[in-house]
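If you read the protein sequences in the order shown, they are chains R and B. Note that the first sequence ends on residue 254 in the numbering used here; no numbers are left out. Note that the second sequence ends on residue 252 in the numbering used here; no numbers are left out.
In the EDC-like style, the derived pairs of lysine to aspartate or glutamate whose C-alpha atoms are separated by at most 20 Å in a straight line are:
| no. | chain 1 | residue 1 | chain 2 | residue 2 |
| --- | --- | --- | --- | --- |
| 1 | B | K137 | R | E80 |
| 2 | B | K135 | R | E114 |
| 3 | B | K135 | R | E80 |
| 4 | B | K135 | R | E84 |
To be clear, the hints were calculated from the coordinates, so they are not data collected in a lab.
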Amino acid sequence: MSAQAEAGHREPVLSVRNLTKRFGGVTALNNVSFDLYPGEVVALAGDNGAGKSTLIKAISGVHRPTEGEIIYKGVPRHFENPREARDMGIETIYQDLALADNLDVGENVFLGRELKTKFLGLIPMLDRKRMRALAHDAIETLDMDIRRLDRPVRTLSGGQRQAVAIGRAIYWKAEILIMDEPTAALGVPEQRKVMALIKRLKAQNVAVLFISHNLMDIMEVADRIVVLRRGEVAGERRKADIDSDEIVRLMVGG
Amino acid sequence: MVVALFCNLFEPAMGMGLGFVGAAVLTLLACSVIGAINGVLIAWLRVPPFIGTLGMYGVARGVGFLFADGTRVPVRNDVLFELGNGRLFGEFPIPILVTIVALLIMHYVLRQTRFGQYTYAIGGNRAAAVRAGVKVKRQTLYLYVLAAVFAGVAGIIYSGRFSAGSPDAGEPLLLNAIAAVVIGGASLFGGSGNLIGTLIGALIIAVIEYGLVFINLPPFYQFIGVGLVIIISVLIDQSRSRLTGERASEEG
Chain R
1 MSAQAEAGHR EPVLSVRNLT KRFGGVTALN NVSFDLYPGE VVALAGDNGA GKSTLIKAIS
61 GVHRPTEGEI IYKGVPRHFE NPREARDMGI ETIYQDLALA DNLDVGENVF LGRELKTKFL
121 GLIPMLDRKR MRALAHDAIE TLDMDIRRLD RPVRTLSGGQ RQAVAIGRAI YWKAEILIMD
181 EPTAALGVPE QRKVMALIKR LKAQNVAVLF ISHNLMDIME VADRIVVLRR GEVAGERRKA
241 DIDSDEIVRL MVGG
Chain B
1 MVVALFCNLF EPAMGMGLGF VGAAVLTLLA CSVIGAINGV LIAWLRVPPF IGTLGMYGVA
61 RGVGFLFADG TRVPVRNDVL FELGNGRLFG EFPIPILVTI VALLIMHYVL RQTRFGQYTY
121 AIGGNRAAAV RAGVKVKRQT LYLYVLAAVF AGVAGIIYSG RFSAGSPDAG EPLLLNAIAA
181 VVIGGASLFG GSGNLIGTLI GALIIAVIEY GLVFINLPPF YQFIGVGLVI IISVLIDQSR
241 SRLTGERASE EG
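Take these sequences, add in the hints, and give me the full structure.
Here it is as structure tokens:
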């Protein structure tokens, strides 16, 4: 199941072609190209201000590219907003996870797309029971155990919250999951769990693109590493062909 | 929820010449306008909610005084009087019935509809609501209009009860309204609370006020009492969230 081996003869799920993004006179991304294959984990590395966030925002529909194109499943796409990208299967999990802390697990997984039922066949009501059950199933495929699905998610640990966010992506059949620093705010044991979650996603043939500063994380789960420097691709390597030192070298230049 | 009960200020001038239904519709419309201005100020122009509603409270109050020439306007209307003082089947006070109906409707809306769900989501994490596709600004606008309309209903009943519209009617209730929702478990920063709690909060306030009257304290102690209750309930709320590990993820 090595993605590297398969990458050669499979269609990429996402191709970024010559992407340039300028904000006024500032060029945040310059002529960036890379591919992402199903079931592949790509790490996006780079120093602060290298353009990592701008790149994922361009892919997820937050920013519109100034030039270049984003080809998703063989078709060039121009996402007007994040909702469009999400509806087509590109899910993005930002650092703050975008969970509503006061809602429970089911409510979060279904936020914006709630399930409804009819009380006595008459009065429309939210179907919290079914939302919880389906959320539970999605999170279970991640080998993550969350016992109290009826509690607000603020009572969960960081890793469990990450699992809720990923569970939402899985339930809604994301084909690409973009993660911004998925382990940044977590303690070490929770970081291990998130790494395991990413491997699970890969096994489910989801393509994962993640930003990380943590070279250990990158070396552990990434199949490929794309290094950005000052808005340009400084290098793109398979994990087998690179070590931490070289990543750093690419990041800082020289 | 913190929108002030200022809309009853608008009631005075409207009782005249329009009949009950016309006056009521006009009152509620006027209230919606105020609510809509609140909503636009807060959602689009990013005025902090407390400041925005407080400012509009001042404006509405002033307009009320202008309409009423700075005084009380007697209103004679049988329907209005019944609404404020009547009893259904000679038994159940109509203002209470109206309150119960309003509570039931809004409890349903908050608990069982997307509208309610989005309201909580915005309070819990605005960014999350935006990313989930909730139209946050529009929702905020609707909420302020809704709150203002209910305040208007309260205003109509109020003037029915006293057969007069007064520009400063309900002013002492401002603090009580805030106290009721805070005691009822609503967060002043959004995202928590429900109507059952608010109802209990309102009853507690009423008990405190009447209790103080019964033990023959001057009425000014009521303000002191309610003010202290607000502070104490917020303090309890904060220590409770500390104890239950509000942010488990931080030590995660």
